[in-house]
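Enquirer: Sequence:
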Amino acid sequence: MKRLWKYSALILTALFANPLFAQTAQEGGEKAAETVHALPPTVMVLPFVLLLLMIATGPLFYHRFWEKHYPKISILLGIIPVVYYIAVLKNTHILLHTLAEYISFIALLGSLFVASGGILININKKSTPLANVVMLLFGAVLSNILGTTGASMVLIRPYIKLNRDRIKPYHVIFFIFLISNIGGALTPIGDPPLFLGFLKGIDFFWFIEHIWHIWLPAVLMVLAVFYVIDSQNMPKDVDVKEYDGKIEFKGTKNVFYLVVIVVSVFLDPNVISWVPSLEPLPFGIREIIMFAVIFLSYKRADKEILEANEFEFEPIREVAYLFVGIFATMIPALQLIAHEANVLGNKLNAGVFYWATGGLSGFLDNTPTFVNFLSAAMGKYNLDVTQTAQVHQFQILDPLYLTAISVGAVFFGALTYIGNGPNFMVKSITERSGIKMPSFFTYFVKYAIPILIPIFAIIWLVFFYGRG
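Per our numbering, the sequence shown starts with residue 1, numbered consecutively.
Just so you know, the hints here were simulated from the structure itself, not pulled from any lab data.
You may find that some hints are simply not true.
[What the hints assert, rightly or not] SDA-like mimics (lysine to any residue), calculated; alpha carbons at most 25 Å apart, straight line:
{"hint": "1", "residue 1": "LYS253", "residue 2": "LEU39"}
{"hint": "2", "residue 1": "LYS72", "residue 2": "SER104"}
{"hint": "3", "residue 1": "LYS168", "residue 2": "ARG432"}
{"hint": "4", "residue 1": "LYS168", "residue 2": "ILE123"}
{"hint": "5", "residue 1": "LYS90", "residue 2": "LYS168"}
{"hint": "6", "residue 1": "LYS125", "residue 2": "SER104"}
{"hint": "7", "residue 1": "LYS246", "residue 2": "LEU137"}
[Unchecked claim] Simulated DEER-style distance windows between Cβ atoms:
{"hint": "8", "residue 1": "VAL262", "residue 2": "LEU60", "range": "16 to 24 Å"}
{"hint": "9", "residue 1": "THR57", "residue 2": "GLU310", "range": "40 to 48 Å"}
{"hint": "10", "residue 1": "PRO217", "residue 2": "GLY466", "range": "35 to 43 Å"}
{"hint": "11", "residue 1": "PHE291", "residue 2": "LYS250", "range": "20 to 28 Å"}
{"hint": "12", "residue 1": "LYS250", "residue 2": "PRO399", "range": "41 to 49 Å"}
{"hint": "13", "residue 1": "LYS436", "residue 2": "LEU296", "range": "17 to 25 Å"}
The beta carbon of each residue, even a glycine, is placed where N, CA and C say it ideally should be.
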């Protein structure tokens, strides 16, 4: 943990040590608006591409070097765009915004990871395709209550234990597909882009009203594919072990911490007016509560439960290091995409919004991708995404576009390990349990493309093709 803070401090120092940060925090309006619109050259996307390539190839071709040096590599590549934005573009506004997003991201993932580590669930049932389908379906529903991250952290360990005698990589991959991504499309709690949409003015229950009829067939199709694959991989020999069907649950007090985390998500000045803003600090009351949960839930957790869960901080450490680089290096890519989306906004229809938002959400942070295309869609009606009343108007004016963008952002996060925060976390926890997971490329080529793309294409044909 000491090295985590040491390396993270490098990039934070690069941001805050420059006097331009203080200037941006104090000067609003005009100056900030000018810097936001300054575009970087396309070459500044190279650090992001290089980081993705190293994440994909490092564990395969230079494993020892990658395991030892990935924190330094991630942060050093992240510093390149940070320095460019400070020194050349004089745009510290976007850096401060990205820093705030990263702190929120790691606070949420870290608090859910530690709190769920103090919960022990043992399912004394035989691992069968039907038992797995039921658990995956339950997790997909739970994702809308605890969020994809919360549901993933709570269920991944019992899911692995349920299948411990025959666990294969595809078990975990379908877990990522359904619980870490597709499942959370029905509420703003489910996935970060939907929560940001809620903050900007979309009604809380709008998503379940307009997406459930897409969510249900998507979940059922993925479950059907899983059932076929899992049935074909059932052991031929007879299992003589006896199962009483009981479900053991320990760590009730940590459920309280999970509730605190979910409730704290709404402690935002944009949602509740009396919640104080801590600007110009890049975090708020919500993040303070989440970091407090990390400390308290770990210190007060039952040590026997932690040992039974083989709990350690390495998975969250790995995510923190890699995503600090990802967040920083993706800034130029997101800014260029935002520009092109708005320029081409009048040429985009529902199908294009679905594929464009989805395709980019698989490799970039799906939250800003969602906002970029929401802005482009609203621009077709001369509406402003920064105006809450106009966002609320847009959800009534064109629910088709908003549905396409929302579904694309949430569903396509399952395409890669970096498509959504819990994906990489689940991978890391699984590997710490001794299960060898496929590489970045193998995951994408062997599983995501042949399984998800046909299902997403069916969704496009039925719900978005030729519309809007």
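Enquirer: Now tell me, hint by hint, if it's right for this structure.
Expert: Results for each hint:
Distance check on the hinted pair: LYS253 and LEU39 sit about 49 Å apart at the alpha-carbon level, beyond 25 Å; violated. Restraint check for LYS72 and SER104: satisfied, since their Cα atoms lie roughly 22 Å apart, inside the 25 Å limit. In summary, the hint linking LYS168 to ARG432 is supported, as the alpha carbons are separated by about 14 Å, within the 25 Å threshold. Using a Cα cut-off of 25 Å, the hinted pair LYS168 and ILE123 holds, with the two alpha carbons roughly 18 Å apart.
Pair hint LYS90 plus LYS168 does not hold up; C-alpha atoms about 50 Å apart against a cutoff of 25 Å. Of the supplied pair hints, the one linking LYS125 and SER104 is violated, its CA atoms being roughly 38 Å apart against a limit of 25 Å. Between LYS246 and LEU137 the alpha-carbon distance is near 19 Å, which keeps this suggested pair within the 25 Å criterion. Look at VAL262 against LEU60: about 37 Å separates their beta carbons, and that is not inside 16 to 24 Å.
The given range of 40 to 48 Å is broken by THR57 and GLU310, whose C-beta atoms sit roughly 28 Å from each other. The supplied range of 35 to 43 Å is broken by PRO217 and GLY466, whose beta-carbon atoms lie about 19 Å from each other. Take PHE291 and LYS250: their Cβ atoms lie about 25 Å apart, and the range 20 to 28 Å holds. The given range of 41 to 49 Å is respected by LYS250 and PRO399, whose C-beta atoms sit roughly 44 Å from each other.
Checking the proposed 17 to 25 Å range against LYS436 and LEU296 shows it is violated: the Cβ atoms sit about 34 Å from each other.
Of the numbered hints given earlier, the model fails hints 1, 5, 6, 8, 9, 10 and 13; all others are met.
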